[in-house]
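Got chain A; can you put chain G on it based on the hints?
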Amino acid sequence: MAEEKVEKAEEKPQESAEEDSAEVKIENKDKERKTTNLEKNVLIKTDNDALINYYEKKAEEANLTENRSELKKRYEKMKYESGEAIGVIAAQSIAEPATQTTLQSYHRVSGGKLLTTKGLPRIIEIFDARAEPKTPMMKIYLEDDHNTKEKALEIASIVKESKLKQIISEDSLDMVNLKVEIKLDENQIKNLQINIDDAVKTMKKNVKNVNITAEDNVIIIESKKTNISINELQMLRIKVREMPIKGTKGVEQCIIEKEGELWVIYTLGSNLKKVLKIEGVDSKKTTTNNIKEIASVLGIEAGRSAIINEVTDTLREQGVDTDTRHLLLVADVMAWHGVIDSIGRYGVSGKKKSILARANFEETIKHLTNAAIGGETEEFKGIIENVMVGNLAPVGTGLVKLKLKG
Amino acid sequence: MVPKHEILSEDAVKSLLEMLRITRKELPKILESDVIVKELNAKENDVIQITRNSSLVGKSIYYRVVLKEQ
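The listed protein sequences correspond, in order, to chains A and G.
With our numbering applied, the first sequence has no gaps in its numbers, which climb one by one up to 406 at the end.
With our numbering applied, the second sequence has no gaps in its numbers, which climb one by one up to 70 at the end.
Do not rely on the hints blindly, as some may be mistaken.
[What the hints assert, rightly or not] With a straight-line cut-off of 30 Å between C-alpha atoms, the simulated DSSO-like cross-links for lysine-lysine are:
{"hint": "1", "chain 1": "A", "residue 1": "K292", "chain 2": "G", "residue 2": "K38"}
{"hint": "2", "chain 1": "A", "residue 1": "K77", "chain 2": "G", "residue 2": "K59"}
{"hint": "3", "chain 1": "A", "residue 1": "K353", "chain 2": "G", "residue 2": "K14"}
Calculated from the structure, these hints are not laboratory results.
Next comes chain A alone, as it looks inside the complex (with noise of 0.2 Å):
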């Protein structure tokens, strides 16, 4: 029994490994560039005991008394040769247990409060790469000195939108002199800690050609043109009522919980760039579940790395261990082009190089006339095209050339 549990504890570190030490040998190159082969060798391996340390403390975790020299020579047993379809394999082991989470697509977050996606629905939705996911969160970390709970609400009323018409308790037109007469509620002002001049400002940056003036509880807004009629004011009305007074836009929700030591701000909705500016909020640890968001704000890297958590925390909460080094793969591909690609038709698969393998996935007869139209060159070096002409397929034993003397 313990014996199958390192087999299958080892079993997952192979394949990326191939990718890791493609990084590493990157590394140990530039760096030693003067070192023969031999040596670029042994520096590729030694490089390799962050993993081996990472598998020592799996087995401690498990129990398991494996001895250091024992995990590394199976480690090294264990290792992907050049070769191997590492991204295939990859595919495989993300979307296997990925069928066996749960089809619940909501999962409530602080309480009950927060309604987020998760399980399959998520992963399927970070491969797609899309420009908003369905349930936008937040979770903002807050300054040492900014650690309490009154802090705390104090940002969370600076994060949080509000709009219009939350204040309103009587909206009215003014037919004769052609004006939106808004009365607001008091009580709800104090509520929401309103200022109404800043309210005002805000508002006339949002909202073209109108004045807006306010007096004690009541907001009169009159249009800039002269013959507008009873129609455009009626729209006007129902445009203004929407509008957004205070707060981060795009916030819809704001739920403080206590962490351990910690006081954290859960939001629905997100807008990172405008959060991260706010006082007290620590940036460094500060999220967002908008991957493209991440990559816009803080650079591809970021991206990519936001890819790997993301992707680790929901199959990690469904109960599937799928190494992570499966996920480093992915990720590196979808950034591989300076943007967070979809693993899809228009990102990943649409950029390959190759006509024959692009036209292979979808929309054959678009890249076919394309390529005729631009006087594309297939050069036959993937591994799609060589198996559609019946080459022998650059992958395994295929990727060796030898010739055979005399």
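For chain G alone, kept in the frame of chain A given last:
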């Protein structure tokens, strides 16, 4: 979340490409509009060295070439 980015000197780029036996455009890309690239003031075709540090794989180095956005 953001690993260390550095611009690689022209000499280092040359030996790197020689070692890997590839051309510059075969490296992974990073857009010129990327916030980190702007911060570093990197130009098109510069190679950026990224030092990733993860608890799982340890330290690893990755390279990206700056690409002008179409």
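We went through each hint and held it up to the structure:
| no. | hint | in the structure |
| --- | --- | --- |
| 1 | K292(A) <-> K38(G) | 18 Å, holds |
| 2 | K77(A) <-> K59(G) | 23 Å, holds |
| 3 | K353(A) <-> K14(G) | 24 Å, holds |
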